[in-house]
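Please take these sequences and the hints and turn them into a complete structure.
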Amino acid sequence: MGLSRFLLSLSLSRKQLQIWLRQLEQPFPSKKVKGAIKAAVVQMDYIPVSGIGGFVTLINHFLVKMRDFSPQIIVFPHLMDTIFYRTFPIFLFSRGKRYARMLKECSVTTSRTCEKVMAEISKVWHCSVIFGTTQGLFVYNEGVRQESIFEVQDYKVAVLPKRLLTNSWKLKQLVDDGVRIVSAPGFGLSDYREWDDRFHMWAHSQMIGFYGLWSAMSGKFLGRDLKARASVTAPIPITNSLDGYIVKNNSLNGDTVLLAELDMFKLESFIQARNVPVTYNFKGH
Amino acid sequence: MRLLLGKQIVLKEFYHTDLVVSWIEEPVSGASTYLIGNDKGFMYIVANSDEIHYGNDSDLLNTPFGKVAVICSSKGIHWELIYNSKKSDALLTIIFQRAANISDVLLTKAICWGTSREFNIPVALLTNHAEHLQYQFCVPNQGREQSGLVYDSTASCMIDMDVSKTESGIFFSVKSFAEG
Numbered sequence: 001m002g003l004s005r006f007l008l009s010l011s012l013s014r015k016q017l018q019i020w021l022r023q024l025e026q027p028f029p030s031k032k033v034k035g036a037i038k039a040a041v042v043q044m045d046y047i048p049v050s051g052i053g054g055f056v057t058l059i060n061h062f063l064v065k066m067r068d069f070s071p072q073i074i075v076f077p078h079l080m081d082t083i084f085y086r087t088f089p090i091f092l093f094s095r096g097k098r099y100a101r102m103l104k105e106c107s108v109t110t111s112r113t114c115e116k117v118m119a120e121i122s123k124v125w126h127c128s129v130i131f132g133t134t135q136g137l138f139v140y141n142e143g144v145r146q147e148s149i150f151e152v153q154d155y156k157v158a159v160l161p162k163r164l165l166t167n168s169w170k171l172k173q174l175v176d177d178g179v180r181i182v183s184a185p186g187f188g189l190s191d192y193r194e195w196d197d198r199f200h201m202w203a204h205s206q207m208i209g210f211y212g213l214w215s216a217m218s219g220k221f222l223g224r225d226l227k228a229r230a231s232v233t234a235p236i237p238i239t240n241s242l243d244g245y246i247v248k249n250n251s252l253n254g255d256t257v258l259l260a261e262l263d264m265f266k267l268e269s270f271i272q273a274r275n276v277p278v279t280y281n282f283k284g285h
Numbered sequence: 286m287r288l289l290l291g292k293q294i295v296l297k298e299f300y301h302t303d304l305v306v307s308w309i310e311e312p313v314s315g316a317s318t319y320l321i322g323n324d325k326g327f328m329y330i331v332a333n334s335d336e337i338h339y340g341n342d343s344d345l346l347n348t349p350f351g352k353v354a355v356i357c358s359s360k361g362i363h364w365e366l367i368y369n370s371k372k373s374d375a376l377l378t379i380i381f382q383r384a385a386n387i388s389d390v391l392l393t394k395a396i397c398w399g400t401s402r403e404f405n406i407p408v409a410l411l412t413n414h415a416e417h418l419q420y421q422f423c424v425p426n427q428g429r430e431q432s433g434l435v436y437d438s439t440a441s442c443m444i445d446m447d448v449s450k451t452e453s454g455i456f457f458s459v460k461s462f463a464e465g
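Sequences listed follow chains W and R, in order. Counting with our numbering, you get residues 1 to 285 for the letters of the first sequence. Counting with our numbering, you get residues 286 to 465 for the letters of the second sequence.
Read the hints as simulated data drawn from the structure, not as lab findings. As the structure is a computational prediction, the values presented were derived from the model and not from experiment. Using N, Cα and C, we set each Cβ at its ideal position, and we do this for glycine too. Keep in mind that a hint or two might mislead.
What the hints assert, rightly or not - Simulated crosslink set (DSSO-like; lysine-lysine; CA at most 30 Å straight-line): (1) W/Lys-172 x R/Lys-460; (2) W/Lys-283 x R/Lys-325; (3) W/Lys-227 x W/Lys-162; (4) R/Lys-450 x R/Lys-460; (5) R/Lys-360 x W/Lys-170; (6) R/Lys-450 x W/Lys-156; (7) W/Lys-266 x R/Lys-352.
To be verified - Facing chain W, from chain R, some residues (calculated, C-beta under 10 Å): (8) His-363; (9) Tyr-368; (10) Ser-370; (11) Lys-372; (12) Ser-388; (13) Lys-394; (14) Arg-402; (15) Phe-404; (16) Asn-405; (17) Leu-434; (18) Ser-438; (19) Ala-440.
Structure representation (structure tokens):
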């Protein structure tokens, strides 16, 4: 196992990284709009690649799609470092307990490499990049790692794991503390159900009042067929089609970049209009 | 409990109906208990009895089928209010709402569904928009694909609902008769 880790660190070496980071797509000059946040949300079909070169080429495929838009926030899916699973020597092993143990040991190296690529994107693109790896959720802004709550153009953004998206009390506390955008890097499910999916980001965008950025990984992953639907959600009254979505992926798989300009003034007036304390507690007769 | 959400369509519906929940301008007859309301208040009537209960805004009723929370509002419905009804041991929350525009109707429906699912409480919504009534009935893990959405329509609906409370929690069994 020690040898595998050593070989992997050679495959994902700093020298390799420096060479390939120069190949990252460059953004077009951007113009910030007052009171609006530009966000790009990625849904990708899982495809394992070999080495940093393969990873950067894959990421470029998505960056090209958002280059004209110059987003301030980019949200990639969860477990992004699993994309390295075709790198030597990980691909030599088949499934089983030994494979699982090795993936666990290698995850520190794959996660760190993934972080470095994402940090560079945030630096070159002058934006915040949100993503997940096997080591957790991460945010980088202009090359610097951020806490799970950070600011973009004076608006607070929270990065949460999926399980917290069904906790109205936690979400209410965040919105009361000034959070206006909630982001969750997502990963698909083999038993995907539309109603379960809606219950997380979409339903709580309505109940609490925030913009939701929900990225997703779909496609074949370790023999499983994953389905997901990336979306940008908002309270129904401030969406054009009155469906609670600024934009959503029409399909449950495939590579997509969702681009959304979030009108923060509209959201603020929605929150203010509904900001009435609830005190009645049904004492009964 | 056999529940009718809406107004009378055919007479056969009213045999063995336990509770009729109607908007105030939609008179009904023939059931054993009635809850008639609008955005300003409600009236709870027990047939063959002098028992009448009036209320406005929000209230908790003790019915033969258990505690029922009633919410009357001309504004947006807040999820915390529905949560408070659950805390007071209500087995069902009934909402009468007058909505100013269609986006408020849709938002309220989404909030009722999400809250019902998160806090495990059945929620019946009667919403009046431009003098047109819409009915929604949400019960956790019931309905098509266990979505939690049993009924969502402009037509009346008969629903059979059983709520059983055990040490391990509350269980719901729901059957709707959309054909009338």
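Which earlier hints can't be squared with this structure? 1, 6, 7, 16, 18 and 19
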